[in-house]
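Q: These are the residues of each chain, in order.
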Amino acid sequence: MSNQAQNISPVSVPLAAKKKSKENSVWRRLLKNKLALVGMIIIAIMVIFSVFAPLIATHPPNAMDLANSLSEPGVDGHILGTDNYGRDLFSRIIYGTQISLIVGIFAIGLGGMIGTLLGLVAGYYGGKWDAIIMRLMDGLFAFPFILLSIALMTVLGAGLFNVILAIGVANIPGFARIVRGQVLAVKEEEYIEVTRSLGANHSRIIFHHILPNCMAPIIVYATMNVAGAIISEAALSFLGLGVQPPTASWGSILKDGKDFLVLSPHMATFSGLAILLSVLGFNLFGDGLRDALDPKMKV
Amino acid sequence: MSFDLRQGETIGIVGESGSGKSVTSTAILGLIPSPPGKIERGSIVFEGKDLTKLSQDEMRKIRGNEISMIFQDPMTSLNPVFTVGNQIIEVIRLHQQVNKKEARTRAIEMLKLVGIPEPEKRLEQYPHEFSGGMRQRVMIAIALACNPKLLIADEPTTALDVTVQAQILELMKKLQVDLKTSIIMITHDLGVVWESCQKVLVMYAGNTVEYANVEDLYQNPLHPYTWGLLDSQIKSDTVGKLPSIPGNPPDLRNEIAGCYFAPRCAYAQEKCFTERPPLVEVSLEHMVACHFQTADHRLKREGGEASE
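Read top to bottom, the protein sequences are chains A and B.
Counting in the numbering used here, the first sequence runs from 1 upward without gaps.
Counting in the numbering used here, the second sequence runs from 1001 upward without gaps.
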């Protein structure tokens, strides 16, 4: 980038056109990428589904109608059929989007914030702080996620908040590692030394100078890991550890569907498809975001 | 090493790579990373305060405010994710109790002062939209934003091309007169020293070997290392191979008993390898560290020759 900048004569550049050029070029590159666009559309649809769930859903998600249980898709106004209690599958999947998005975003937000903070401290101060924090992270990494969640759920009890907590905690070490690595590189940059020579204190250097220079990989990693968190939530709900019935979650629909796989495969198929599409959406978007933010970057 | 500097004066610190020029400057600002670095002894007195005895908090108030530094490479000295204006405003607000608007006005003033056209617009631009020379101007604006009393310039022109170098030196000279700043000019370019300094300190392997006024050093250099530096400059009558000082600076991890320069010195005698010469004043305000360049004994300088 610096080579290009050198060739541009500073005076002759049309100033208005160059303003905010950085943000613009990221958007342009993102929109040019077809797959990222697909990912963006999927995410947009998910957001619309969760925000307007009451308007989009054709039936109340928890209203049982045992007379019409396990009906085929398209019968009696049930777009995707009904489940074993006669609840409208389409409406349940729409409401399930809410749970998936909330868990995905908040869990990654939680894990990302704590992980980033730990990574910043470990990378910036180094020495014993680095050793203590990173060994703790290694320990957390070595712990199987499901086991960790079961332990947490047993102590705290199941529920939406605890699902977010469990998945969030499981995501801390990944962020800590990525951020620490990034900090190690950025803190050696000369502009950090310059900032120090100008009298900035540690917290200012960390949060105002190092953190913004680490944002690109953090954003990409977070986007990709929302997909992971959605799978995790589905897995926990599938095991009965997640959101409790009758609240609709893709994982619990899948679990119910599993028992009727032969009789009426549409339950497991559609809930599985929802999980697949949402994960695909976030992964494609994350991929595109990575390419758009920095073509040379590897996560 | 030891030197003093009065208000509005410029001192040049010269020496080849690895002779400890930059360490000196970072030591003044208290920025030597510790561990492993540590100031073992000595003092740095700035306006009556010993900087080595100040706490980190007190040092922070001095950095950027009373003592600033300009770095070697303007391409990497600016934070790429912030606008140039942001970075000037930051240092102003760090040290002065002003609101954003006042700081912005001051930033525009600073950009104007360092000769950047259309400062209001340039303020909103990112470092990658500036050329090398323009960035160094921005760095100078940042360093001078709080009217420091001392400016440390660590090879401020090394990374720039020659025409821009002259502009930057000219600018620094002009600003020094306007703002009455003292400057420590770290460089390995003797031309820069002749241009801009009043005093010069020649360093070799972390020690001062010669310390004099610029005219004095130019007319009457005394230390063999200084001779070597002078001989290895390109002059208008240079023909053929450029003379150089044979060998490399010593590895300071080894104990060296004698003069650090002795192994590379054409005039070295036995005494030079066993006893370290002290820095003595051989004539008025002219200090040299050499056994054979004293008040009553002089070496005869031989022309520098090209060596392999």
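Warning: the hint list may mix true and false statements.
To be verified - A partial selection of chain B residues facing chain A, derived with a Cβ cut-off under 8 Å:
| # | residue |
| --- | --- |
| 1 | Ile1028 |
| 2 | Ile1032 |
| 3 | Thr1076 |
Unchecked claim - Here are a few chain B residues that sit away from chain A, every Cβ distance over 12 Å (derived from the structure):
| # | residue |
| --- | --- |
| 4 | Gly1030 |
| 5 | Pro1074 |
| 6 | Ser1077 |
| 7 | Phe1082 |
| 8 | Glu1102 |
| 9 | Trp1194 |
| 10 | Gln1233 |
I should point out that these hints are in silico values taken from the structure, not numbers from a laboratory.
C-beta: ideal position from N, C-alpha, C; glycine also.
Q: Any of the earlier hints contradicted here, and which numbers?
A: 1, 2, 4, 5, 6 and 7
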